[in-house]
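Okay, here's what each chain looks like letter by letter:
Protein chains: 4
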Amino acid sequence: MTVTEEMLNSHPGADVAASDLLITAIDACYECAQAGTACADACLAEDTVADLVRCIGTDHDCADVCVATGAVLSRQSASDDNLTAALLAACVTACSTCADECESHADMHEHCRICGEACRRCQKACRALLIEIG
Amino acid sequence: MTVTEEMLNSHPGADVAASDLLITAIDACYECAQAGTACADACLAEDTVADLVRCIGTDHDCADVCVATGAVLSRQSASDDNLTAALLAACVTACSTCADECESHADMHEHCRICGEACRRCQKACRALLIEIG
Amino acid sequence: MTVTEEMLNSHPGADVAASDLLITAIDACYECAQAGTACADACLAEDTVADLVRCIGTDHDCADVCVATGAVLSRQSASDDNLTAALLAACVTACSTCADECESHADMHEHCRICGEACRRCQKACRALLIEIG
Amino acid sequence: MTVTEEMLNSHPGADVAASDLLITAIDACYECAQAGTACADACLAEDTVADLVRCIGTDHDCADVCVATGAVLSRQSASDDNLTAALLAACVTACSTCADECESHADMHEHCRICGEACRRCQKACRALLIEIG
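Same order as they appear, the protein sequences are chains L, C, W and P. Numbering-wise, the working numbering puts 24 at position 24 of the first sequence, and it's gapless, one number per residue. Each number in the working numbering comes from the position in the second sequence (counting from 1) with 1000 added on. Each number in the working numbering comes from the position in the third sequence (counting from 1) with 2000 added on. Each number in the working numbering comes from the position in the fourth sequence (counting from 1) with 3000 added on.
Okay, chain L solo, but in the shape it has when bound (with noise of 0.2 Å):
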């Protein structure tokens, strides 16, 4: 059990659906937001930094918009289904585009192939979400 499972379990609210499609979206965001930033950095550090310009905004993006995403998904008591509907259509947008331009040179370069993986995980468990939401 994850510590995002154990808060989920521990909310007092009667409503708050802890369902897996939730903790393992979170899970990801965060995974993510630090995958993107480590992969940002590592193509800093890469000789051929000036072909990974692209990769680096991509990995960026992607970050900020899973930090906002797994902190709003944290949030149960006043959730929106609009805004949470909304920040997962952009956070499914954000994880496509990113794992696009990592897998693009993932044969290259090792922390775009992880890094491609972890977007495509979290790309998957918001669209998961975001179907369950309706």
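The hints are simulated quantities; they were obtained by calculation from the structure and are not laboratory data. Built from N, CA and C at the ideal position, the CB exists for glycine as well. Be a bit skeptical, because a hint or two may be false.
To be verified - Restraint ranges, calculated between C-beta atoms of paired labels, are given here: (1) C/Asp1047 <-> P/Asp3020: 24 to 30 Å; (2) W/Asp2107 <-> C/Ala1050: 20 to 26 Å; (3) L/Asp20 <-> C/Asp1047: 49 to 55 Å; (4) W/Asp2020 <-> C/Glu1103: 49 to 55 Å; (5) W/Ile2131 <-> P/Ile3131: 27 to 33 Å; (6) L/Met108 <-> C/Glu1110: 55 to 61 Å; (7) P/Asn3009 <-> L/Asp107: 22 to 28 Å; (8) W/Asp2100 <-> L/Asn82: 33 to 39 Å; (9) W/Ser2019 <-> C/Glu1103: 46 to 52 Å; (10) W/Gly2134 <-> L/Asp20: 42 to 48 Å.
We have chain L; now place chains C, W and P onto it with these hints.
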């Protein structure tokens, strides 16, 4: 001229459009992030805090989404219109939800009145930019 | 092996020390950021919210400092020991203050008990890294 | 009167000192967060990006610490002087390091000149507030 405008005008990218709408939206995002954070804190200091828990939640959601939106909009080198549009849509929703909530008790709490106005400015600025992007 | 460990191990910088202490501190920061955000939200849903306003405040301060610390620690290319040390010191203080507060009513609120433990882990991890940096 | 000033003046806490130094520091933190984010992005668009990797790193560190500091300073209800002092010290260091870096090539890149000035303002504002707190 705000620092945001100076920063965008000095960007080397030939295709970076430092439009008035973009500058206004970025400044509105950071302003609204501060207002939401401060309003949540002021609500916590009210005797009637138990009646303000929904406001505190929407304040924080709004602040988190605004910080992410302000950062992504400030990043123009590898800007992706799909992500920008999706994030602007989420920010419009976050600001609108928070403004509705703050306005509902703006006559009782000055901080909610001021925060509600900051949310409306940010909502309007993000919607205008969203329309410009198309 | 966590994603954080994989990311740091794939960093091209020869002098990037992906020490166990660094990895543990980064993961603890993101975990504590989530726990603090979720604990503040759970406190808002308690009937006794008026007694928990200080806890909500320390939760948010702790979450904000932990997110910033997790990101700065994830950036090793141009890492500056002075900044790392100062930020780790701030994070130790934020986690310690929040843990003290959460522990003071941990017997009444399970979410405060869990959050307090996450804060102590992060405080300990950041202090250990701070000592390593010297 | 900025929105920050209006927000702090409307705080119900009798002991909330909406001092000029506090207001100036909060506004400087958000301004510097935007400038650092935009400067990192502008550096990525320069032909000489390979020479600017250290600047990009210090820009991001500075932006992350400034966002956290702006939020914590905006939260006055349960403000803890130990945390405020430690975080202000970290913010002074982040701004100073970033300003030193930006100024070292401010004559070549206008965005670095502007960002360096925003960093100095924030460094000065945070140091002044740190002295006031004692």
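Okay, the hints, checked on the actual structure:
Against the hinted window of 24 to 30 Å, the Cβ-Cβ separation of C/Asp1047 and P/Asp3020 comes to about 28 Å, which satisfies the hint. About 22 Å separates the C-beta atoms of W/Asp2107 and C/Ala1050, a value consistent with the hinted range of 20 to 26 Å. Our hint of 49 to 55 Å for L/Asp20 and C/Asp1047 is violated, since their Cβ atoms are close to 40 Å apart. Against the hinted window of 49 to 55 Å, the Cβ-Cβ separation of W/Asp2020 and C/Glu1103 comes to about 51 Å, which satisfies the hint.
Distance hint for W/Ile2131 and P/Ile3131: a CB-CB separation of about 28 Å, consistent with the stated range 27 to 33 Å. Separated by about 57 Å at the C-beta atoms, L/Met108 and C/Glu1110 satisfy the suggested range of 55 to 61 Å. Judged by the Cβ atoms, the range 22 to 28 Å given for P/Asn3009 and L/Asp107 is violated: they are separated by roughly 57 Å. Hint check: W/Asp2100 to L/Asn82, Cβ distance near 38 Å, so the stated range 33 to 39 Å holds.
Separation of W/Ser2019 from C/Glu1103 is about 51 Å and conforms to the stated range, judged on CB atoms against 46 to 52 Å. In this structure the hint that W/Gly2134 and L/Asp20 lie 42 to 48 Å apart at CB holds, the actual value being about 43 Å.
The structure fails to meet hints 3 and 7 from the earlier list, while all remaining hints are met.
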